[in-house]
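Undergrad: Sequence:
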Amino acid sequence: MIDKKIIAIIIITFLILFTNIPGLSVTVINDNISKDTIIKQEIPQKVNPGGLFISPTIGVEVPFSEFAGNSNMALSLGGRIEYSTFKLSPFVFAVSYYYQNHSGSDEYKTENLLNSLKTKIHNVGFGCDIILNKYIKQTFTIIFATFEVKYLKVQREFSPEEAILNIKKEDNVFGVSGGIGFTLYIFDIYGTYNYAKEYSSFSIKTRFRVPLIRF
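If you read the sequence shown in our numbering, its first letter stands for residue 1, the second for the next number, and so on.
For the record, the hints were derived by calculation from the structure and aren't laboratory data.
Computed list of lysine-lysine pairs in BS3-like fashion (alpha-carbon distance at most 27 Å, straight line):
| no. | residue 1 | residue 2 |
| --- | --- | --- |
| 1 | K197 | K150 |
| 2 | K153 | K109 |
| 3 | K153 | K118 |
| 4 | K87 | K137 |
| 5 | K169 | K109 |
| 6 | K168 | K109 |
| 7 | K120 | K109 |
| 8 | K153 | K169 |
| 9 | K168 | K197 |
| 10 | K120 | K168 |
| 11 | K150 | K169 |
| 12 | K150 | K120 |
| 13 | K153 | K197 |
| 14 | K197 | K118 |
| 15 | K197 | K120 |
| 16 | K118 | K150 |
| 17 | K153 | K120 |
| 18 | K120 | K169 |
| 19 | K169 | K197 |
Note that this is a predicted model, so its numbers are computed, not measured.
Throw the hints in and build the complete structure from the sequences for me.
TA: Structure representation (structure tokens):
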């Protein structure tokens, strides 16, 4: 009969070769005097989350209220530059830029005898994420709230150009947004309500984070 000690050594060797468990190291002590096999688990070092990051972002903007009466949903493209340090935790500060191009709703174009209508919006903002895992216990994901103050530059293109409409051709407004999201693997998925007078909307976006500088 094979000695139990040899069987244990074979099993542990197999685990070392065919598994990759972060933060776990296995030490086998083959001592003729000792009859025990010792498994030692090393405590991983704490990683400093501080740094400067860039987060490319993509999502959809769904017009709300008055905005929904003349425009369709649109793709939102942009990104954020984020700054965080261990001392600032659980806060992550960021500046952002997003662009969206809404086509006009068919009903609005029909009522106003328009051939085409486009609403282009450039968003520049300053915001803050708050990591909520201290208050919402989760082991498999990160829950966060997000808030932002933004400036919107709105430009409209329509034809025929001589059409008289009840909407502005150009506009500049300030807005605020807030929402909640979670992290799935390397992606953040989050939804926000964006208040900006007659350009309010609801958005669902996803982003991933690329480190520029760590400190």
